[in-house]
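Make the complex out of the two chains shown on their own, each in a separate frame, by following the hints.
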Amino acid sequence: MSILELSENYLRGAFVISVSLLIFIAGVSYQQFHSYHESQQLILQTHNTQKALQSLVSHISGMEAYQRSYIISGDSVFLKDYASQRENISKSLETLKDVSSHANLEDNRIDSIALLAEERLVIFEKTLDLFSAGNNLAENLREGNGQTQKIRELIEDLVSAQGTLLAEREIASEKSYRVSPILMFSTIILALFIISLVYIALTQILKKYNKANRKLKINNEIFEQAEEISGTGYWYYNFQNQELIFSGNQYRLFGLNPNEPPPRLHSLLQKVSRGDRAELIRILKSLYHGEKCEDGMDLKVYPGEDEPICMRMASKMVQVDQENKILIGVNKDLTSEVNAKEKLSQLNRELEIQIKMLSNAEMMASVGSYSFDFDTESFKFSDNLYRILEIDQEQYPLSEPRLLECIHPEDRKSLQPFKQKLGIATVFDVSEFRILTPTDKTKYLKYTYKFFRESGKKMLVVTLKDITEETIANKNLEDKNKELYQSNTELAEFNYVASHDLQEPLRKIQTFISRIIHMDGIQLNSTGEDYFKRIQRAANRMQTLIIDLLAFSRTTNSEKVFEITDLQTLVVQAVNELNQEIEEKNAIIHYDVLPTANVIPFQIKQLFVNLISNSLKYSNNKVQPEIWIKNEPLTQKDLVDFEGIPVDKLIKLSVIDNGIGFDQQYAESIFVLFKRLHNRTRFSGTGIGLSICKKVIDNHRGIIKAQGEEGNGANFTFILPVLGGQLPK
Amino acid sequence: MNQSKIHVLLADDDEDDRLFFRDAINQLNLKTIVHTVEDGEELMVWLRDEGNPQPHVVFLDLNMPKKGGIECLEEIKSCPKLKDLSVAIYSTSSSQKDIEDSFVLGANIYIKKPNDFNELKKALSKVISMNWQFCTSGLNKESFILNV
Chain A
1 MSILELSENY LRGAFVISVS LLIFIAGVSY QQFHSYHESQ QLILQTHNTQ KALQSLVSHI
61 SGMEAYQRSY IISGDSVFLK DYASQRENIS KSLETLKDVS SHANLEDNRI DSIALLAEER
121 LVIFEKTLDL FSAGNNLAEN LREGNGQTQK IRELIEDLVS AQGTLLAERE IASEKSYRVS
181 PILMFSTIIL ALFIISLVYI ALTQILKKYN KANRKLKINN EIFEQAEEIS GTGYWYYNFQ
241 NQELIFSGNQ YRLFGLNPNE PPPRLHSLLQ KVSRGDRAEL IRILKSLYHG EKCEDGMDLK
301 VYPGEDEPIC MRMASKMVQV DQENKILIGV NKDLTSEVNA KEKLSQLNRE LEIQIKMLSN
361 AEMMASVGSY SFDFDTESFK FSDNLYRILE IDQEQYPLSE PRLLECIHPE DRKSLQPFKQ
421 KLGIATVFDV SEFRILTPTD KTKYLKYTYK FFRESGKKML VVTLKDITEE TIANKNLEDK
481 NKELYQSNTE LAEFNYVASH DLQEPLRKIQ TFISRIIHMD GIQLNSTGED YFKRIQRAAN
541 RMQTLIIDLL AFSRTTNSEK VFEITDLQTL VVQAVNELNQ EIEEKNAIIH YDVLPTANVI
601 PFQIKQLFVN LISNSLKYSN NKVQPEIWIK NEPLTQKDLV DFEGIPVDKL IKLSVIDNGI
661 GFDQQYAESI FVLFKRLHNR TRFSGTGIGL SICKKVIDNH RGIIKAQGEE GNGANFTFIL
721 PVLGGQLPK
Chain B
730 MNQSKIHVLL ADDDEDDRLF FRDAINQLNL KTIVHTVEDG EELMVWLRDE GNPQPHVVFL
790 DLNMPKKGGI ECLEEIKSCP KLKDLSVAIY STSSSQKDIE DSFVLGANIY IKKPNDFNEL
850 KKALSKVISM NWQFCTSGLN KESFILNV
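The listed protein sequences derive, respectively, from chains A and B.
Just so we're aligned: 676 in our numbering is position 676 of the first sequence, and the numbers increase by one with no gaps anywhere.
Just so we're aligned: 819 in our numbering is position 90 of the second sequence, and the numbers increase by one with no gaps anywhere.
So here's chain B without its partners, still in its complex pose (with noise of 0.2 Å):
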């Protein structure tokens, strides 16, 4: 595959969301590779399978069947593998508790999911183009909630 692609992953149970996430992308013309699972199991299986790329970030929403966020959340932070993978939580809720058990299980950045189409891409552009290397989980809490 070609090295400059940046693949993203993006577990969203709802296919509008999808539908959004892959517009917004596509239109922000970065070299950009989305991957989409449709809930959390799948995830944990896209992410084990040797086969597949690392993605670059992996957007993860909380309400999802079989297996919510937090659980994948828990699952790959608990991975010695994946732990160091880099997670943006990408939820309508902006419950205080979302917020903080995400924060506290180890989430990179706190995305909710905004209500319109321009501030979405305003959004994902931010948190691809990110340097993920100094946006380690945990450095600060206030900068944990993305602000568009």
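Bound conformation, chain A alone (with noise of 0.2 Å):
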């Protein structure tokens, strides 16, 4: 039992004390005030039976003196004194009896002395009787005198009687006076002092009270910032009244306004996510039966529309006295710190797939790894290193030494472990190194490594990429790329051949035929002369074909070094170059102003002489020729073959003439070496002039097409990137 319900029950005690002798102080009042307004009746009845005894018998003796008066007068005005004495006696007598009557007084002796006053009004009347009878007199008077006297003794005696009797009610009445003041005094004062004492305690436990309750003011408040930092709320809910409380925190977790009412528990229940509703039913009714939840439950929780919270919810059933049971419940408010797991473990989670994809993409890029923790001293090998070591992990767990023994024994003696400069892990100085496999496999292994500080922890991670593939594709390379200078080499050297040594016997025959013609005094026949020039035309032929395939073979083999040109230039160069076709054939160039572009200037320029001179050889006999170099805009189609590269980084040039032409469908087969498609005789050419440009076009990464129609002209087109040295290949 608290102090506070001790209090109470002696506070109880006290005021049912006080209360009962307050009651009894009244009670005795009401007594002594009745029994005092009963004497003070007494007194006064005997004051007037008394009286009215007193006043009978002075009437008596008035009757007496007025009877004699007339008597001895004969006067009859005493006679009429005489008869308003009689009535006073009878009014008297009627008084007597009715205080007697009242007051329960000694009756017999009033009655006797009613009885006795009646007899003297007889002999009275007897009297008067004899006197107007004349009789005598004296007998009467005796009798009369003596019936007074003894009313009188009566009287006497009566009120002596009266007065005793109001001698002792006085007494009486003056004695209970006496007594109960006092009593009533004392117990007032006794009534007094205990309320005087219930006021005291009552005083001390309010101020207790008032004590307690600024505590548990602040304690509520230091609750409440305390579970608004921690996410928690609490609440009880009474099973008597269906009443639940909330905290303010609670209303809080649940989306509610704590100024609000207290929620209905169904409502409540309705904000608690279906899957954990019918489970936190269950609980809470099986707590209700007395039994035990104190792991609590994980709710998940929906507050307001939105995102739900994970709540963590602990109760347990509290008797608070013998009717009470009380649910008492703590929730906490598990949202970030689920939140924090989930990611936790989603982090994990990717860790474990990064891992798994890092051993895959290890065996793909044929890579293994290890690391060595400085602190613990520990090694780590990936699962692909023993995969290239060609180790079994299970059986032959690898360590230093053993991965030192993997390394080809040549290899060994050259690398040198790093052991003393970093005390502990095997570091080599070289790159690269050979492996032997327990199967007598060679292997070449690349090798880098990179030290860091993880966390204080500091550690080296080694890489091991397995080449073998890539150094034995590398010397097959190697070995090719050599049989391929050397090709080089000697397609060099028979270019060299081509150009001087085949042309050199030619160009004898050339001078000689010359010569032959016009030495003077030489002789010859008109068909010996047709022979010679024949002759004459073959060699020269021979000579340009020599002439074409080396400038054809130029084009290819020759070092492409390009330099930002200006293309009006070369075709300035071209133009100068042909000059002496130009003036025979009387042709026309025009040109548009051209831009600068990355190129190679020889070969472009050989590619505007190969254009326009094969525009003058094709030219049509019926018209001037007339040429035109045109800078022409880019088209949406154009672009298509230009992935990547922006509009303003392309040149489109077009060649065009008023020549001949060509049938369209040999647009594609002209730019075909040796291919031609007109009789040699008629026009002269080689069929290597077309092939030149395009191989020029696609050194610079462009394209060409020709377009025409026969004897109506022919169009050659090419694009070009500006910056086609810098493209990648």
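It is worth saying that the hints were derived from the structure and are not from the lab.
Heads up, some of the hints might be wrong.
Here are the simulated BS3-like pairs of lysine-lysine, each with C-alpha atoms no more than 27 Å apart in a straight line [unchecked claim]:
1. B/K796 with A/K508
2. A/K508 with B/K855
3. A/K508 with B/K851
4. B/K812 with B/K826
5. B/K795 with A/K508
6. A/K343 with A/K457
7. A/K533 with B/K850
8. A/K533 with B/K841
9. A/K508 with B/K850
10. A/K533 with B/K851
11. B/K841 with A/K617
12. B/K841 with A/K508
13. A/K694 with B/K826
14. A/K482 with B/K826
Taking beta-carbon pairs under 8 Å as the criterion, some of the chain B residues facing chain A (in silico) [claimed, not checked]:
15. Q825
16. N844
17. N847
For every residue, glycine included, the Cβ atom is placed at its ideal position computed from N, Cα and C.
Here you go:
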């Protein structure tokens, strides 16, 4: 029992005592008052009785006197007074009777007095009758006097008895008056004392209570703060009055306003997610039936429309007193914890996936790795390292010496483990070495390492790449390159031979023929002269072929040095080179202002030379040859072949003529080496010129297209990237 | 020797070419004396021989046995006594590389051997009557190649 309850019982006792005391005082007072009134009444009655008796005596005496006066004087006036006295006696008797009936006095004496008085009156009447008859009155008078005397004595007796009674009564009432004030006073004092005690006790309790209340208020504030910070809320539910009390934060947890009245249990359950609701109800029921639920349960709660929060609920049944059972509970918002946990497990999953991916990637990339932790001095070898070394991970777990054993004996000597430098971990000076697998297979490994600190831990990570295939492939490639270089050298030599040694005999043939033809005094018939001319033509043609072939091989094999070049200059150079033919044909060349571009200058010049000379060669005899070199805008269609290159980084040029043209069906084949569309005798040509053009454009990563119509001119269009030489191959 | 005679020296291993050269010069009726050597080594010996006259111009074939024309050119230009000698390259080759190399090494002019005898005469006439004082190499790459 608490002190409060104890004092409450004391207070209740004190209250009962003081109330009964007061009731007692009231009862006593009432009784006192009542008895006082009664005794006063009795005294009054006694006085009235005395008064009535005395007046009876006096009236009787008066009657005697008046009768005597009448008898003596005979005057009838006295008789009149006598009659009035007689009436007074009757009245007195009545009064006496009335009083005595009220007062319950010793009525027998009053009755006898009344009886005596009646008898006396009879005597009076007899006296008068005797007098009137003139008889002797003495006997009668004596009898009357005796009767009066008797009455007097009786009255006196009665009066004295009455006096005694009155005195007795006065004494008794006085006595009681004397006793009760003391009693009442002391009782009141006692009651007041008790009430004062109660008052003091009450003020003490009130003080304590106020203090406790203040403390409680502060604690409550602290608690509210605490639960808000910790994200907890508490509640209790009283089964008796079905009252649900929420702490401030509990309201917030459920998305409610703390100033609102507490919610109904039913509406709260609606906020719990459907999945958890049944379980919650089951737990609440089992709690009600006295089972325990101390581990608590996790709930998903929808405070509003949107995001749910996760709550842990711990609940307990508390027996407050014999009747009241209260269910108390604490809820904690676990959303952030749950989220963090979720995030962590998500990260863990991702990490696992990444480790798997890494392992896969290692396998794909033929990379193995190991790490060394300087704190724990422990190695960790990757799965794929075992695979590369062809060692069974279960049977022969790797260690530093074992790793060294795997290295090819020849390389092992040249490897300088960094042991001295680093204290422990095996790091090698070389970036490549060989290993020997258990099946005596040689593999080439490339080696990189990295030191780093991860959260204060010093780590070494070594990556080993199996480059066996690459090494072998590289060796093959090197061999091929050597071969290629050799064949290129041979080709260059052949070029020289072709340009020099082949031309030399040819040139001599030509020179000798020219000398014979122009020699004075030599006589040739017309057939002979014709043969010489044919020899000369054949020799010339062979020379052209050799030159063209050389030019073609130059476009393929010579160094491709790109330079930012003004295309216009190149056109001018080409036109200059062809000056003689242009003059011969009386041709007109038109050209636009041309841009600059990153090109191989001599090749582009060759391109212009070839295209212009092509136009000149296939000119139409009927019209004056005209050639247009145009800078053309690019169309959407042109861009298809140049994905990723902006329009302003492309150049489109056309060489257009009004010559004999060609059938469009040959538009592709005219670029093929040695392909000719025309008879040799009509049009000279080796069928190499346009092939060179194609080659040049290919070298510049451009495209060239021919467009023509028989008898209606030809149009050669090429598109080049401005930054030709900088494009990735 | 006659002072009005012009000495020209041809270094060429090809007998026919030497013949064409002599015939052409002879037919040109210039007061020219032609000396010929058959390879680069012989050329250098001839040039270093104090007894031989200083040639007005040396015609140098590029492709020769023992010592090629480019080597000779290099040697001539690096020799203080010979470096002022006028050198005309006289070759069948029209390869860009040969032209470039000989230009860079300081040859004065590049003659591509013509395939017509009359053209040869024209070319030689032009070269011999050239005023070498004003036609030194390095002045103009465009005019380096002789246009007949």
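Hint check:
| no. | hint | in the structure |
| --- | --- | --- |
| 1 | B/K796 with A/K508 | holds, 23 Å |
| 2 | A/K508 with B/K855 | holds, 21 Å |
| 3 | A/K508 with B/K851 | holds, 17 Å |
| 4 | B/K812 with B/K826 | holds, 22 Å |
| 5 | B/K795 with A/K508 | holds, 23 Å |
| 6 | A/K343 with A/K457 | holds, 25 Å |
| 7 | A/K533 with B/K850 | holds, 21 Å |
| 8 | A/K533 with B/K841 | holds, 23 Å |
| 9 | A/K508 with B/K850 | holds, 15 Å |
| 10 | A/K533 with B/K851 | holds, 22 Å |
| 11 | B/K841 with A/K617 | holds, 25 Å |
| 12 | B/K841 with A/K508 | holds, 13 Å |
| 13 | A/K694 with B/K826 | holds, 23 Å |
| 14 | A/K482 with B/K826 | holds, 24 Å |
| 15 | Q825 | holds, 7 Å |
| 16 | N844 | holds, 4 Å |
| 17 | N847 | holds, 6 Å |
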